[in-house]
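*Asks:* Sequences are here, hints too, so could you generate the full structure?
Protein chains: 2
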Amino acid sequence: MTAKKKMAIVVGLACGAAFLLTLQAQQRPSDGPRYTNGTNLVRPTDYREWVYVGGGLGLTYDAARNPQDPPRFGNVFVNPSAYRSFMQTGKWPDGTVLVLESRFSETDELVSERGRYQAKLRGIEAEVKDSRFPDGWAFYDFGNADSLRDTAEPLVAEVVARCVECHTKNTAVERTFVQFYPTLLEVARQKGTLKPGF
Amino acid sequence: MTAKKKMAIVVGLACGAAFLLTLQAQQRPSDGPRYTNGTNLVRPTDYREWVYVGGGLGLTYDAARNPQDPPRFGNVFVNPSAYRSFMQTGKWPDGTVLVLESRFSETDELVSERGRYQAKLRGIEAEVKDSRFPDGWAFYDFGNADSLRDTAEPLVAEVVARCVECHTKNTAVERTFVQFYPTLLEVARQKGTLKPGF
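Those protein sequences? They're chains L and H, same order as listed. With the first letter of the first sequence counted as 1, position 63 gets the number 62 in numbering that gives the first Met the number 0; the numbers rise by one all the way through. With the first letter of the second sequence counted as 1, position 55 gets the number 54 in numbering that gives the first Met the number 0; the numbers rise by one all the way through.
Check each hint, because a few of them may be wrong.
Since the list can't tell identical chains apart, any single copy or any two copies may satisfy a pair.
Claimed, not checked - List time: in silico DSSO-like cross-link candidates among lysine-lysine, alpha-carbon distance up to 27 Å:
1. Lys168 x Lys119
2. Lys194 x Lys90
3. Lys168 x Lys90
4. Lys90 x Lys190
For the record, the hints were derived by calculation from the structure and aren't laboratory data.
*Replies:* Shown next, in the form of structure tokens:
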């Protein structure tokens with residue numbers, strides 16, 4: 000083989016590698032927040048494939064709720080890149096999206112009369128860490144399951160004030176209830192990012 | 000450019016592509032069951048990054064349990080490749096691993112006195128679909144959180160008989176409680192893979 004032919008093959012290999020790496024980078028979608036109009040959040044449709052960090056039953060702070068109504072499950076999912084970052088640092092990176100999914104609970108007499116399992120979707124909310132917002136965080140409500148919005152505006156200032164108050168006074172790490180996310184709680188403890196009192 | 004040079008570049012590109020695709024395939028770890036001694040299951044350590052399919056509170060079938068004890072949460076995670084396959088077919092592929100994680104529940108008076116959230120790990124069990132087993136499925140118990148085993152033998156025949164009985168009579172799809180996994184339940188309904196009665 001001539002030197003020129005060898006060079007041509009080497010160039011070809013390099014081009015092939017560069018082409019495929021570019022293709023791979025393009026195919027890997029960012030899992031961070033997607034906005035329309037700058038700050039309206041597009042509802043993540045694949046959040047059920049994100050990382051589940053924790054949940055509870057009946058953990059509502061809806062004071063108007065009738066205590067006789069069946070309790071609801073809350074499931075919290077976080078975008079994988081933010082999860083990986085938290086596991087290394089104990090803090091949330093810019094671009095963190097936490098989805099709070101609310102589901103009705105039901106009982107099943109076949110397995111256990113007293114236990115409750117997760118049933119139909121009730122609604123979807125989200126909390127986003129983005130340094131462009133005044134507080135660094137924004138809160139979104141995509142509404143009830145029967146009329147879910149594809150995009151949501153950030154909650155208005157008066158509502159956010161209540162979100163921020165509760166998510167400041169009662170949260171273990173930054174604006175998030177890491178005390179309810181047991182695997183993250185352990186990491187935050189090791190990294191020293193828990194607020195005093197936790 | 001001569002025809003030979005062009006050909007050399009094309010060959011180079013093809014080689015580069017093949018090389019990178021091979022590399023990518025090698026780097027992508029299989030998320031299916033890993034065994035020692037043929038059938039002893041290695042406990043998956045990354046299952047919290049798998050897909051969460053559902054869970055419940057107090058859904059125990061432990062008849063010996065004191066009903067006054069605080070109920071436990073059960074979280075079910077499935078390996079991502081099996082999840083993707085189920086979402087397309089409504090059935091579990093060979094190599095499905097379902098991890099059942101049990102967690103203690105606690106109350107939090109800051110947010111809600113009546114609600115319960117997930118706390119410390121209690122134990123880990125797994126169910127694997129593998130055509131090498133007589134029933135096509137095997138059940139594993141990795142024990143309690145304070146003494147988790149790194150590998151577990153398949154549960155012995157007498158115990159498995161009870162597992163299979165309950166996981167046959169009461170399950171919505173194959174040997175699995177898809178009736179408790181709301182997003183999968185919808186897919187199984189669409190694909191017509193639900194057992195009669197569900």
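*Asks:* Against this structure, judge whether each hint is valid.
*Replies:* Each hint tested on the structure:
| no. | hint | result |
| --- | --- | --- |
| 1 | Lys168 x Lys119 | between (31 Å within a copy, 23 Å between copies) |
| 2 | Lys194 x Lys90 | within (12 Å within a copy, 45 Å between copies) |
| 3 | Lys168 x Lys90 | within (17 Å within a copy, 46 Å between copies) |
| 4 | Lys90 x Lys190 | within (9 Å within a copy, 42 Å between copies) |
Figure legend: structure checked against the earlier numbered hints; every hint is met.
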